[in-house]
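If you're matching them up, the sequences are chains A and B in order.
End of the first sequence sits at 155 in the working numbering; the numbers just go up one at a time, nothing left out.
End of the second sequence sits at 116 in the working numbering; the numbers just go up one at a time, nothing left out.
It should be emphasised that the hints constitute simulated quantities derived from the structure, not laboratory data.
Take the hints with a grain of salt, since some may be wrong.
Part of the chain B face toward chain A, derived, beta carbon under 10 Å [unchecked claim]:
{"#": "1", "residue": "34"}
{"#": "2", "residue": "36"}
{"#": "3", "residue": "42"}
{"#": "4", "residue": "43"}
{"#": "5", "residue": "51"}
{"#": "6", "residue": "53"}
{"#": "7", "residue": "84"}
{"#": "8", "residue": "90"}
{"#": "9", "residue": "92"}
{"#": "10", "residue": "94"}
{"#": "11", "residue": "96"}
{"#": "12", "residue": "105"}
{"#": "13", "residue": "108"}
Partial pick of chain A residues on the chain B-facing surface, computed with a CB cut under 10 Å [said to hold, decoys possible]:
{"#": "14", "residue": "47"}
{"#": "15", "residue": "51"}
{"#": "16", "residue": "52"}
{"#": "17", "residue": "76"}
{"#": "18", "residue": "86"}
{"#": "19", "residue": "137"}
Predicted model, so just to flag it, every value in this text is computed and none were measured.
We put the beta carbon where it would ideally sit given N, CA and C, even for glycine.
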Amino acid sequence: EADIYQTPRYLVIGTGKKITLECSQTMGHDKMYWYQQDPGMELHLIHYSYGVNSTEKGDLSSESTVSRIRTEHFPLTLESARPSHTSQYLCASSEGSPHEQFFGPGTRLTVL
Amino acid sequence: AQSVAQPEDQVNVAEGNPLTVKCTYSVSGNPYLFWYVQYPNRGLQFLLKYITGDNLVKGSYGFEAEFNKSQTSFHLKKPSALVSDSALYFCAVIRRGRDDKIIFGKGTRLHILP
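In isolation and in its complexed conformation, chain A is listed as follows (with noise of 0.2 Å):
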């Protein structure tokens, strides 16, 4: 089933941690993208990609970096966590214009 695709749902985890965020898609678009988001507030992207080996920052600076070395999987990495890095992050993807994009479900980050 096309999907997509991300791990964990919930972290919590101490200040200076290195984490990943994963994120797959299995539908083979070339787009994907990361939001950050409050709970219940707006979205802000942080990181996309348009293919293998392009990867592009944001509109909202982040900390956080990411790779895409195969066009299913987009990871997001920071490398020493802090307490205002507590957010949910959203993955997404899409294929073509103007195609909407497709969300995961999310990963609820705390940092202690």
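Got chain A; can you put chain B on it based on the hints?
For chain B alone, kept in the frame of chain A given last:
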């Protein structure tokens, strides 16, 4: 600059009544317009989009939206609200000819009262 405005943070509607969630946009040229819904602890789900053609667009779960070029609006509507429609709704726009960076509105929380 490209932008989307959702003027209401929250909309309350009694079950069975018609609902409207407002959205206005600002882009140069013709837009592509979208509505998404977000249920608690979930990602966004696509509801409907306007690309071209008929100004009234029908989408999932009985929702529809009307594109009004003169008023630069794309309001979301449903004739009869259900309690299960309670969620956070996002309007979004892409400027034609640009890449796929969608600009989202700030969201409107819809409460359907039983």
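For each hint, the structure was consulted:
1. Given hint, residue 34 of chain B at the interface with chain A, holds; its Cβ is 4 Å from that chain's nearest Cβ, closer than 10 Å.
2. Hint status for residue 36 of chain B: holds, given a least beta-carbon distance of 6 Å to chain A, under 10 Å.
3. Because the beta carbon of residue 42 of chain B sits about 9 Å from the nearest beta carbon in chain A, less than 10 Å, this interface hint is met.
4. Checking residue 43 of chain B against chain A by beta carbon gives a least distance of about 7 Å; that is within 10 Å, so the hint holds.
5. At a threshold of 10 Å, the smallest CB-CB gap from residue 51 of chain B to chain A is about 6 Å, leaving the interface hint in force.
6. Evaluation of the residue 53 of chain B hint against chain A yields a held restraint, the C-beta minimum of about 6 Å falling below 10 Å.
7. Nearest Cβ of chain A to the Cβ of residue 84 of chain B: about 20 Å, over the 10 Å cut. The hint is violated.
8. Nearest Cβ of chain A to the Cβ of residue 90 of chain B: about 6 Å, under the 10 Å cut. The hint holds.
9. Interface restraint check for residue 92 of chain B: the shortest CB-CB distance to chain A comes to about 7 Å, inside 10 Å, so the restraint holds.
10. The interface hint given for residue 94 of chain B is met, as the beta carbon of that residue sits about 9 Å from the closest beta carbon of chain A, less than 10 Å.
11. The interface hint given for residue 96 of chain B holds, since its Cβ lies 5 Å from the closest Cβ of chain A, which is under the 10 Å cut-off.
12. Residue-level restraint check for residue 105 of chain B holds (minimum Cβ-Cβ distance to chain A is 9 Å; threshold 10 Å).
13. Annotation: residue 108 of chain B was flagged as interfacial toward chain A, and the flag holds, the nearest CB pair being 4 Å apart, inside 10 Å.
14. A cut of 10 Å between beta carbons decides the hint on residue 47 of chain A: the least distance to chain B is about 8 Å, and the hint holds.
15. With its C-beta approaching chain B no nearer than about 13 Å, residue 51 of chain A sits outside the 10 Å limit, and its interface hint is violated.
16. The restraint placing residue 52 of chain A at the interface with chain B holds, with a minimum CB-CB distance near 8 Å, inside the 10 Å limit.
17. With 10 Å as the threshold, the beta carbon of residue 76 of chain A comes within range of chain B, its nearest partner Cβ sitting at about 8 Å, so the hint holds.
18. Because the smallest distance between the Cβ of residue 86 of chain A and any Cβ of chain B comes to about 5 Å, under 10 Å, the interface hint for this residue holds.
19. Of the supplied interface hints, the one on residue 137 of chain A holds, with its beta-carbon coming within about 6 Å of a beta-carbon of chain B, less than 10 Å.
Comparing the model with each numbered hint stated earlier shows that hints 7 and 15 do not hold.
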